[in-house]
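Chemist: Read off the chains here:
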Amino acid sequence: GAGVSQSPRYKVAKRGQDVALRCDPISGHVSLFWYQQALGQGPEFLTYFQNEAQLDKSGLPSDRFFAERPEGSVSTLKIQRTQQEDSAVYLCASSLLALGVFNEQFFGPGTRLTVL
Amino acid sequence: EDKVVQSPLSLVVHEGDTVTLNCSYEVTNFRSLLWYKQEKKAPTFLFMLTSSGIEKKSGRLSSILDKKELSSILNITATQTGDSAIYLCAVRTQGGSEKLVFGKGTKLTVNP
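Here the protein sequences line up with chains A and B, keeping their order.
Just so you know, this note's numbering puts 45 at position 45 of the first sequence, and the rest follows in order with no gaps.
Just so you know, this note's numbering puts 22 at position 22 of the second sequence, and the rest follows in order with no gaps.
If you're looking for bench data, these hints aren't it; they were derived computationally from the structure.
Incorrect hints may appear among the rest.
[To be verified] Derived SDA-like pairs: lysine to any residue, alpha-carbon spacing no greater than 25 Å straight-line:
(1) Lys3(B) with Lys37(B)
(2) Lys41(B) with Asp18(A)
(3) Lys56(B) with Phe30(B)
(4) Lys41(B) with Ser73(A)
(5) Lys57(B) with Glu104(A)
(6) Lys41(B) with Asp24(A)
(7) Lys104(B) with Glu44(A)
(8) Lys41(B) with Ala20(A)
(9) Lys3(B) with Gln41(A)
(10) Lys40(B) with Asp24(A)
[As the list claims (entries may be wrong)] Distance ranges between label pairs, derived from CB positions:
(11) Lys41(B) with Ser73(A): 27 to 35 Å
(12) Gln80(B) with Arg81(A): 42 to 50 Å
(13) Val30(A) with Lys41(B): 21 to 29 Å
(14) Asp63(A) with Gly82(B): 38 to 46 Å
[To be verified] Facing chain B, a subset of chain A residues (Cβ under 10 Å, in silico):
(15) Phe33
(16) Gly42
(17) Leu46
(18) Thr47
(19) Ser58
(20) Pro61
(21) Glu104
(22) Pro109
(23) Arg112
Quick reminder that beta carbons are idealized off the backbone N, C-alpha and C, glycines included.
Between the sequences and the hints, there should be enough to build the whole structure, so can you do that?
Modeler: Structure representation (structure tokens):
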């Protein structure tokens, strides 16, 4: 594919449900980022992968949030026992290279999660 | 805590006007400042600035960084309705995961 894709584009969950959000980065991109964007706010960093290694998860707001990238390509962000404050757009971004060199981050269209 | 502040938060202009968007930052270990345009969902990259005083230009858009004042501006001349979007400023810091710290954005509306 030409760009980063995410699925589903929209997800409505009842409070307490578990959700899984998928990110397909650009083929060959080493780095993958997840961001959370609440309404009216800028994106906030959640976690970073270099290939399959999760090198930074300092932005994950609680232990209900879990991300993986087992084969160094597709990534899944899982949110357990969703709460209303989890409602946001979840953006995935990928970049070609690893740390230390400027890499443009290419963003996907996001998944809009609404927790009722 | 790293912080990026953008102003104004929203702006409404008429086609043909020139606008200036502001971004200021307080971060440890500054590496670079980036501008993105966000229409609908996915932010798209506009500029990356690392050195003070060097203007980056692309068509009607230009941007410059002032490392002494810890700030940057994004200028758009002869605005068009297609420029309507949220403009995000983000800062990369050295070390760590190369994560971007974003401001809240400036919502620009260009009316015909």
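Chemist: Determine for every hint whether it applies to the structure shown.
Modeler: Going through the hints against the structure:
no.: 1; hint: Lys3(B) with Lys37(B); verdict: holds, 19 Å
no.: 2; hint: Lys41(B) with Asp18(A); verdict: holds, 23 Å
no.: 3; hint: Lys56(B) with Phe30(B); verdict: holds, 18 Å
no.: 4; hint: Lys41(B) with Ser73(A); verdict: holds, 22 Å
no.: 5; hint: Lys57(B) with Glu104(A); verdict: holds, 17 Å
no.: 6; hint: Lys41(B) with Asp24(A); verdict: holds, 16 Å
no.: 7; hint: Lys104(B) with Glu44(A); verdict: holds, 10 Å
no.: 8; hint: Lys41(B) with Ala20(A); verdict: holds, 19 Å
no.: 9; hint: Lys3(B) with Gln41(A); verdict: holds, 13 Å
no.: 10; hint: Lys40(B) with Asp24(A); verdict: holds, 19 Å
no.: 11; hint: Lys41(B) with Ser73(A): 27 to 35 Å; verdict: violated, 22 Å
no.: 12; hint: Gln80(B) with Arg81(A): 42 to 50 Å; verdict: holds, 46 Å
no.: 13; hint: Val30(A) with Lys41(B): 21 to 29 Å; verdict: holds, 24 Å
no.: 14; hint: Asp63(A) with Gly82(B): 38 to 46 Å; verdict: holds, 43 Å
no.: 15; hint: Phe33; verdict: holds, 7 Å
no.: 16; hint: Gly42; verdict: holds, 3 Å
no.: 17; hint: Leu46; verdict: holds, 9 Å
no.: 18; hint: Thr47; verdict: holds, 8 Å
no.: 19; hint: Ser58; verdict: holds, 8 Å
no.: 20; hint: Pro61; verdict: violated, 15 Å
no.: 21; hint: Glu104; verdict: holds, 5 Å
no.: 22; hint: Pro109; verdict: holds, 4 Å
no.: 23; hint: Arg112; verdict: holds, 8 Å
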